[in-house]
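Just so you know, the sequences run in chain order A and B. To convert, note that position 65 of the first sequence is 65 in our numbering; the numbers rise steadily by one, no gaps. Numbers in our numbering are just positions in the second sequence, counted from 1, shifted up by 1000.
Honestly, the hints are just simulated from the structure, not real lab data. One or more hints might be untrue.
[Said to hold, decoys possible] No farther apart than 30 Å at their CA atoms in a straight line, the calculated lysine-lysine pairs in the DSSO-like style are these:
(1) B:LYS1148 / B:LYS1162
(2) A:LYS287 / B:LYS1128
(3) B:LYS1148 / A:LYS288
(4) A:LYS183 / B:LYS1074
(5) B:LYS1076 / A:LYS244
(6) B:LYS1148 / A:LYS285
(7) B:LYS1153 / B:LYS1120
(8) B:LYS1148 / A:LYS244
(9) A:LYS250 / A:LYS285
(10) A:LYS194 / A:LYS244
(11) B:LYS1074 / A:LYS244
(12) B:LYS1148 / A:LYS287
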Amino acid sequence: MKNKVSIRALLLFLVVILGTAGLRAQTYYHHDRAWDFIMRGQVDSARSEIELQMKEPGSDKDPECWYLYGFVYKEMYKKYENTNTTSPYRLVAFNGFKTALSMDTVSARMQSTRDNLKYLAGRFYNDAVATLDTVNHQTAVSCYTLYRQAAILADPKIDIVKKDVEFYLALASTYNVIYSADKRKNAAYFDSTKNTYTRVLVWDPNSYTANYNLGLLYWNKGVDLMYDIDYDDSLDLVFTVQDKSVDLFKQSLPFAEKAYEMEPKREETLTVLSGIYYSLHDFEKSKKYQDMLDKLRSQPK
Amino acid sequence: MKRIVFLIVLFVAPLAMGFQNPPAGDTNARIKSVFIYNFTRYIEWPADYQTGNFIINMYGNNPAMLAELNAMAKTKTVGAQKIEIRNTTTLDGIGKSNILYVTPDVTTPLPDIIAKIKGKSTLLVTEKPGFAKQGSAINFIVVESRQKFELNKANAEKYNLKVSAQLVTLSIPVEDNK
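With the hints as extra help, turn the sequences into a complete structure.
In structure tokens, the structure reads:
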């Protein structure tokens, strides 16, 4: 009787073990093959297997499958699109890791997912910087947006605002280069520049660079309007343009004054303040800042 | 879960934030120069002042204004007359001109300047508070940060200049001190 019970228990155990193993083999067959291919460096085969795996029922709710999915595509990116700033493989990898993290509860795998997201964040950031020029700035913005998402997922405690300020200051500067190159043709970039500096000031009201450049942007625009006046324009029009210019000079003032509060010993701040007050016909204040500038310049450096 | 060791590459690439350059040019000089050119369109000089060059004489020292006037003279004419810009820093340098613009730094008393253009058809343009009431035809003033000009029509007419009604409308009209 005792032997019968033991044999029955053993059979039951074997059924459970083999059944579980069989179930695992059936459910994770392509998953495991994908891992094997990855370990052997056969990325393309790994991709075929993980794609098959993702078609299996339940895989779309399985963080392990999503993790591997992200990993395989990260390897695809490294192999084929390493220098492609708009890499589709990298985007697929990012979404794979993002999905895995959103449903995972296994802390070790979550950490590995975050490490991978950190890697991708680094690549997105580098590409954002590399493409931040007058031609590719839209790619830069896309890359930075992805960097931002990946970086926060990788490290929720990251000081992302600091990075935002750095990137958007550089972006505003790029917009201004485009605007300045042809102010008529690229008139829309005046607003792009203005809006981007304004955005930075929402994050960091004490950004010297944003305050100084925004002040200067308005002042420059007011001066440009004055110089766009044609001698044959009617006096009515001249007065209207002058009103617009003066409004711009007045708009520039708070930003220039804020920049001065922050950096009272910088020559460019004093130059700008003196210039704006001069444009506003406030010669007393203009002279005050010019005198300060002259004094600063006369001091030994 | 299988572990694969990978290298994390996170470069901190530098970002150029850039500082803009202050604008070139002097807006105050620019707008006064535009006004001066416009005066030639709203004021009529007698026939003997409508031949030869149209002379604008700047009495005083204002390099920015002089540069703006010269820039204007390069591209514009008054009717068929070529614009000629002159600059003097002495009272004796005031000769025959269509317009005499006296810069604010000039300390010569206004009556002495007026005496120099007596009998001539010269539009006297000044830039000091009260001068439109003391003899000049046009006086630049600043109102709420904006460049405006006072016009004393009677003073202009003393020099045989015809001022259009439109210019009066656009100006701040001023009459002589009684």
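Hints versus structure:
Pair hint B:LYS1148 plus B:LYS1162 holds up; C-alpha atoms about 20 Å apart against a cutoff of 30 Å. About 18 Å separates the Cα atoms of A:LYS287 and B:LYS1128, which keeps this hinted pair within 30 Å; it holds. Between B:LYS1148 and A:LYS288 the CA atoms are separated by roughly 24 Å; this keeps the pair inside 30 Å, and the hint holds. At most 30 Å may separate the alpha-carbon atoms for a hinted pair to count; A:LYS183 and B:LYS1074 meet this at roughly 24 Å.
Taking the CA atoms of B:LYS1076 and A:LYS244, the gap is about 25 Å. The hint holds against a cut of 30 Å. Proximity of B:LYS1148 to A:LYS285 is assessed by CA-CA distance (about 20 Å); at most 30 Å being required, the pair is judged to hold. Taken as a hint, the B:LYS1153 and B:LYS1120 pair is honoured in the structure, with Cα atoms around 16 Å apart against an allowance of 30 Å. With a CA separation close to 15 Å, the supplied pair B:LYS1148 and A:LYS244 stays within the 30 Å bound.
For the hint pairing A:LYS250 with A:LYS285, the CA-to-CA distance comes to about 14 Å; that is within 30 Å, so the pair holds. For the hint linking A:LYS194 to A:LYS244, the alpha-carbon distance of about 17 Å falls within 30 Å, and the restraint holds. For the suggested pair B:LYS1074 and A:LYS244, the alpha carbons sit about 27 Å apart, so the restraint of at most 30 Å is met. Using a Cα cut-off of 30 Å, the hinted pair B:LYS1148 and A:LYS287 holds, with the two alpha carbons roughly 22 Å apart.
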